[in-house]
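Chemist: Sequences are here, hints too, so could you generate the full structure?
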Amino acid sequence: MSIGNVVKGFYQILKAMAVTLKYFFTKPLTVQYPKEKIRLYPRFRGRHELQRRPDGLELCVGCGLCAAICPARAIYVEAAENTDDTRFSATERYARLYEINYTRCIFCGFCEEACPTGALKLGHEFALARASRGDLVMGKETLLQPATPHAIILED
Amino acid sequence: MDWIDTLLIPAIKAIVVTLGLLVGFAYMTLAERKICARFQLRYGPNQAGPFGIFQPIADALKAIFKEEVIPEHVDKWLYVLCPVLAMVPAILAFAVIPVGRPIVIAGHTITLQVADINVGLLYPMAVAGLGAYGIVLGGWSSNNNYSLLGALRTTAQIISYELPMALSLVSLVIVTGTLRMSGIVEYQAALPLIVLQPIGFLIYFICGLAETNRSPFDFPETENELISGYNTEYGGIKFALFFMAEYINMIVVSALVATLFLGGWQGPILPGWLWFFIKTAVMLFVFVWVRASLPRARYDKLMHFCWKFLTPLAVVNLLVTAAVVLILRG
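If you read the sequences in order, they're chains A and B.
Under my numbering, the first residue of the first sequence carries the number 1, and numbering increases by one thereafter.
Under my numbering, the first residue of the second sequence carries the number 157, and numbering increases by one thereafter.
By construction, these hints were calculated from the structure, which means they are not laboratory data.
Keep in mind that a hint or two might mislead.
A few chain A residues that face chain B, going by a derived Cβ cut-off under 8 angstroms, partial list only [as the list claims (entries may be wrong)]:
#1 6
#2 7
#3 16
#4 20
#5 21
#6 23
#7 24
#8 26
#9 28
#10 29
#11 30
#12 31
Ideal Cβ placement from N, Cα and C applies to all residues, glycine included.
Modeler: Below, the structure written as structure tokens:
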């Protein structure tokens with residue numbers, strides 16, 4: 001333990017402490033979540049939102065391509081025929097049952113890419129905690145609701 | 157009316173100091189958590205009341221109402237005794253520290269320290285040394301490998317830091333010519349001793365880090381090797397007592413550094429007790445700052461450092477100080 005080493009070590013400790021002191025006077029990065037909104041990028045992938053046409057008809061035609069491409073097998077689609085009395089979508093068929101199981105979904109976004117009509121979009125809703133697993137299998141009535149995430153969507 | 161001076165006033169002072177240290181401990185835990193958090197770009201506890209000021213109360217209630225667990229394999233007597241054994245010396249050591257200018261109330265001159273004894277400097281050294289028994293025996297009585305290793309490291313640590321610590325204070329005593337705390341503070345009216353004894357200050361502060369088991373010398377706990385070290389088997393209020401001992405020791409060492417090297421309550425403009433408080437708070441901040449900055453050393457490295465570097469340095473410091481004082485006095 002030479003004197004030179006000690007002086008060098010002492011200098012390095014002071015240097016390290018100067019670095020930490022600099023961060024002491026920096027504003028914390030913490031987002032105080034329920035009080036402040038989280039900042040999300042536009043391409044953030046959250047809960048799915050099924051889209052409608054401007055006249056209110058559903059865009060989904062029940063083709064099942066999303067279910068076919070889903071790597072986690074989280075999507076279940078059951079199609080049915082539209083009739084003139086009960087019309088859900090502009091085309092021949094519509095999705096009678098459309099369920100996404102959020103215990104399985106990995107939010108990869110393949111379903112959004114596979115969708116031929118642009119009916120499926122991954123929105124910004126991220127607060128998906130539920131009290132039971134059953135509640136995490138969400139049906140059409142939930143997925144058709146536009147989400148209101150507690151977040152600020154940033155510009156791209 | 158003699159009993160007022162000899163009995164009543166010291167008793168009141170003792171109670172005030174004890175309560176003050178307990179409140180100080182409570183808010184030191186909060187301060188450390190908040191300061192540490194800021195070093196890591198977090199906010200720290202801020203939910204219980206404004207700025208989290210009720211957090212210590214919540215923590216205390218939690219600790220008190222926890223189930224009293226005494227494991228079957230422990231030495232029950234020592235196991236229960238040790239938290240107290242660690243805690244009491246920590247509070248006792250504060251007795252000789254003057255926190256302000258003496259005040260006069262109704263004809264009684266009250267020194268703002270519990271006892272102004274003539275061996276004031278020896279007393280906190282002696283009492284703080286006892287505090288290590290709480291940790292060593294606590295680790296031993298837990299009858300657990302990790303606790304025992306933590307306790308062993310404490311013993312290795314205590315025989316290493318006590319010598320340079322005492323030597324650094326001896327050179328301070330040579331300068332001031334008194335062991336009495338009030339005398340040492342009066343000596344610093346013009347110039348704090350850190351200017352005359354910078355090396356002594358550094359040695360004392362490093363040893364103080366080791367004495368209070370603070371990072372980078374927190375070997376008795378070493379949580380990433382020894383789970384929680386000596387207090388692994390402790391929970392609830394018994395654990396809280398060990399925790400209290402560590403923080404009160406920290407406050408005592410900071411107060412001692414403030415008194416011995418930074419001029420105690422001496423200072424311009426502001427009242428004495430406020431100067432004392434500011435100086436102690438600055439030292440406490442440095443404690444947390446060091447913890448936030450430096451990784452833990454290996455305990456054999458501390459022994460190496462203390463015996464082969466700090467002790468010789470303290471001896472050299474002592475000799476040089478003695479020679480200079482001798483020459484100046486003619």
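Chemist: Could you check the structure against the hints above and give me the numbers of any it violates, in ascending order?
Modeler: 2 and 12
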